[in-house]
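In order, the protein sequence lines correspond to chains A and B. First residue of the first sequence: 1, per UniProt numbering; consecutive thereafter. First residue of the second sequence: 1, per UniProt numbering; consecutive thereafter.
For the record, the hints were derived by calculation from the structure and aren't laboratory data. From a predicted model like this one, the values you see are computed outputs, not experimental measurements. Any given hint could turn out to be false.
Pairs of lysine-lysine, DSBU-like flavour, derived with a Cα cap of 35 Å [as the list claims (entries may be wrong)]: (1) B:K379 / A:K148; (2) A:K23 / B:K533; (3) B:K412 / A:K47; (4) A:K47 / B:K310; (5) B:K310 / B:K388.
Quick list of the computed label-pair ranges, beta carbon to beta carbon [to be verified]: (6) B:E347 / A:M90: 36 to 44 Å; (7) B:A561 / A:P13: 36 to 44 Å; (8) B:K645 / A:T96: 52 to 60 Å; (9) B:A549 / A:S135: 45 to 53 Å; (10) A:K105 / B:A305: 37 to 45 Å.
The beta carbon of each residue, even a glycine, is placed where N, CA and C say it ideally should be.
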Amino acid sequence: MNLTLKIWRQKGPQDKGKMVEYKVTDISEHMSFLEMMDVLNEQLTNKGGEPVAFDHDCREGICGMCSMYINGEAHGPDRGVTTCQLHMRMFKDGDTITIEPFRAKAFPVIKDLVVDRSSFDRIQQAGGFISVNTSGNTQDANAIPIDKHAADEAMDAATCIGCGACVASCKNSSAMLFVGAKVSQYALLPQGQIEATDRVKNMVAQMDLEGFGNCTNTGACEVECPKGISLENIARMNREFFSASIKG
Amino acid sequence: MSVLDSKIPKGPLKDKWTTYKDKINLVNPANKRNIDVIVVGTGLAGGSAAATLAELGYRVKAFCYQDSPRRAHSIAAQGGINAAKNYQGDGDSTYRLFYDTVKGGDYRSREANVYRLAEVSTNIIDQCVAQGVPFARDYGGLLDNRSFGGVLVSRTFYAKGQTGQQLLLGAYSAMNRQIARGKIEMFNRHEMLDVVKVNGKARGIIARNLVTGEIERHSAHAVVIASGGYGNVYFLSTNAMGSNATAAWKIHKKGAFFANPCYTQIHPTCIPRSGDYQSKLTLMSESLRNDGRIWVPKNMEDVLAIREGKLKPTQLSEDQRDYYLERRYPAFGNLVPRDVASRAAKERCDAGYGVNATGEAVYLDFKAAIERYGLEQAKIHGIQDASKEKITALGEAVVEEKYGNLFQMYEKIVDENPYKTPMMIYPATHYTMGGVWVDYNLMTTVEGLYCIGEANFSDHGANRLGASALMQGLADGYFVLPYTIGDYLSHEIRTGKIPTDTPEFDQAEKEVTERINFFVNNKGTHSVDYFHKRLGKVMWDKCGMSRNAEGLKEAMAEIKAIREEFYKEVKVPGSANEMNPELEKAGRVADFLELGELFAKDALMREESCGGHFREESVEIDGEQKGEAKRNDKDYAFVAAWEYKGEPSEAVLHKEQLEFKDIELKQRSYK
């Protein structure tokens with residue numbers, strides 16, 4: 001198939017940036033979206049142009065490195081996939097595809113489609129851990145039985161890949177699905193209880209400091225999340241935060 | 001007299017590690033605060049090492065090329081992690097895990113290292129549970145296990161099909177705690193481009209800031225390389241696009257020996273390639289072989305009809321199918337080790353029985369498992385006379401619970417529903433057992449320079465068993481390196497801060513800058529990928545699942561020719577002082593173009609078949625094992641450690657003889 005691409009080009013953080021139009025031809029429907037971008041970049045390199053910078057790494061939907069806002073949706077039109085798993089069979093011959101970076105105040109653009117998501121790391125550093133040193137003397141893994149349902153629910157929350165699609169999809173650029181997923185994972189497990197109060201307060205404080213917006217229950221984040229992280233995690237974080245505030 | 005000293009402690013195998021730990025030198029907490037350690041790579045090995053060293057009190061600088069340490073490619077490991085917990089009471093023990101690993105590695109690994117690995121494996125599970133890693137559990141709330149290839153017990157712990165992700169996020173959380181305390185200084189989007197040696201000791205690195213292009217100097221009292229494997233030398237592999245051998249190769253060029261490069265794992269269950277545009281291959285976890293049965297049609301006419309789309313695999317009856325692994329290896333069946341399963345698939349496809357258009361695919365079928373689980377569930381729920389549909393639905397629910405995300409991933413890529421029609425799979429490059437040579441302390445042949453995880457060569461011999469990579473990465477980082485490096489650093493307490501304004505740093509930075517300037521100023525005609533794809537084709541065709549002397553000689557010559565052309569004709573757009581992904585790739589491919597040649601040289605030298613290294617000249621001629629790989633213990637029971645001498649073809653071989661005191665060398669039989 002032949003396609004027209006409208007891509008955001010921006011040389012660096014200080015550059016104003018603009019949409020630029022490109023044509024690609026002979027794209028196979030079996031290609032992934034990023035393989036289509038490889039074709040474009042090979043074409044640009046051979047013609048003496050500058051390839052489009054975009055983040056990507058594992059190309060199997062787990063590292064969370066790839067981003068892109070495609071035709072107005074984070075990770076494009078398919079559901080339950082990252083951009084690297086999006087296949088060209090989702091598009092038609094002759095389509096025009098608009099490709100932008102994830103946009104949020106807390107995700108400044110570095111170049112073209114590459115954004116800086118280190119704000120996510122800083123939120124995790126504020127409390128996304130259990131304080132246990134490596135010693136070889138921790139108690140036996142089976143010492144505390146954990147209810148299977150709780151373990152499964154913790155696992156569902158823990159599958160967040162930290163890509164930032166929730167933020168990019170939210171009209172408020174809220175990171176509450178991301179933060180809620182981490183808070184939930186630990187809230188559901190006995191190991192996480194000891195530090196629960198400090199954890200939720202510190203992570204929420206850092207989230208606000210980074211300039212993410214608040215949640216107004218639209219639910220776009222859940223729809224666009226490639227891992228199907230549930231909105232319930234936000235509710236659980238709110239409960240945790242509320243009870244932490246009462247405890248003082 | 002060999003220059004290699006593996007520094008294996010004396011005494012009985014079972015006591016070596018304990019005795020060693022009792023006798024090493026320690027560093028007092030006040031002195032640890034003044035000692036710097038650089039860790040390159042933040043996967044399971046690097047991430048766990050950085051976190052643990054920081055917990056101990058060292059000042060750690062950690063580097064990764066990704067935008068966050070959480071994205072290292074350990075995250076993509078699916079199936080699980082082994083540990084000799086024996087929770088299932090099925091006869092597992094430290095010794096048995098050790099034995100399985102040495103046997104699975106086809107008797108080409110170092111006994112003492114493997115025993116230590118098996119010994120600390122149980123600590124890993126305890127540690128990860130304490131960190132909040134949500135492993136799968138049964139209804140009694142205890143940890144669940146599954147089986148993996150090459151073993152007869154269930155010792156694999158898992159978190160759905162995302163075990164690597166959960167373990168890595170565990171290590172990442174431990175790192176975050178130390179980053180927050182200022183004990184780890186994290187350098188995201190940085191790539192190490194050389195190591196700096198002062199008076200023979202590793203004292204720092206030169207790194208490029210991938211956002212600004214700035215070249216930076218970082219000094220330390222010891223340097224740890226945890227940068228993963230070199231599978232991308234094949235261009236197509238299950239590795240991440242950015243996975244590279246640059247850190248490992250640069251230290252090789254500065255004196256670290258490179259061991260057994262020809263030991264590469266071709267994983268049997270990957271999604272087959274579909275066209276020339278393809279950028280990477282996707283693995284389907286080995287855990288699928290617990291329940292999936294592998295087959296091709298028995299009759300050639302069925303193969304052809306399937307390829308033409310006239311026949312569906314589900315239409316073939318049981319007696320029209322060749323479950324070739326169950327046929328050839330009745331004892332282990334679909335759970336033979338990876339190298340054996342891959343070669344068996346290649347054998348069927350080479351004979352013309354491949355089931356997709358390219359002729360390079362076999363089926364992985366869950367029909368039997370769905371039925372079995374369905375009947376079991378019907379019984380549990382007391383459903384009398386359940387219909388066939390009901391049984392299928394119940395069975396599919398169990399399979400979804402176990403492998404749901406893998407099935408979804410397959411469907412998204414191939415556009416077929418694997419619950420209804422068998423998956424198509426084919427082998428692909430996955431893991432590299434070879435790597436930087438290290439002694440028992442995980443130190444390379446350069447003093448103060450360590451190498452851990454997939455980047456080193458030490459534990460998997462010529463073939464790695466499933467669910468052992470995660471085990472090794474975390475064992476090295478959490479439980480081994482923190483002890484061994486302490487012994488070395490105890491001699492560094494009087495050294496003081498290492499300055500970076502010295503001639504050694506000047507020189508290393510100059511070399512790095514010149515290399516970068518060469519690439520951006522070389523007005524060539526072809527992109528980096530053009531050369532990488534050509535290298536990959538030579539590697540796959542001549543250094544792939546089976547190798548012969550003639551092909552390997554050709555490979556060496558061809559790789560050298562591609563390398564020479566690369567330096568003349570490569571084109572790198574953009575400049576050095578900005579984010580420039582093509583420039584990053586150019587540096588990595590330049591290193592692969594050297595490594596590939598050494599790989600072929602190593603494979604040519606090793607005139608035996610062992611593990612992932614299959615030489616067509618070395619097979620069993622007759623008997624029960626006819627056609628199977630033939631090892632030669634008399635002449636080749638050694639580690640091949642190569643010393644850099646300028647050109648890869650001129651590398652000098654050093655042999656570390658392998659001694660097996662606790663295990664009898666036998667032919668691996670999975671029949």
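The hints, checked one at a time:
no.: 1; hint: B:K379 / A:K148; result: holds (21 Å)
no.: 2; hint: A:K23 / B:K533; result: holds (24 Å)
no.: 3; hint: B:K412 / A:K47; result: holds (33 Å)
no.: 4; hint: A:K47 / B:K310; result: violated (44 Å)
no.: 5; hint: B:K310 / B:K388; result: holds (26 Å)
no.: 6; hint: B:E347 / A:M90: 36 to 44 Å; result: holds (37 Å)
no.: 7; hint: B:A561 / A:P13: 36 to 44 Å; result: holds (42 Å)
no.: 8; hint: B:K645 / A:T96: 52 to 60 Å; result: holds (56 Å)
no.: 9; hint: B:A549 / A:S135: 45 to 53 Å; result: holds (51 Å)
no.: 10; hint: A:K105 / B:A305: 37 to 45 Å; result: violated (59 Å)
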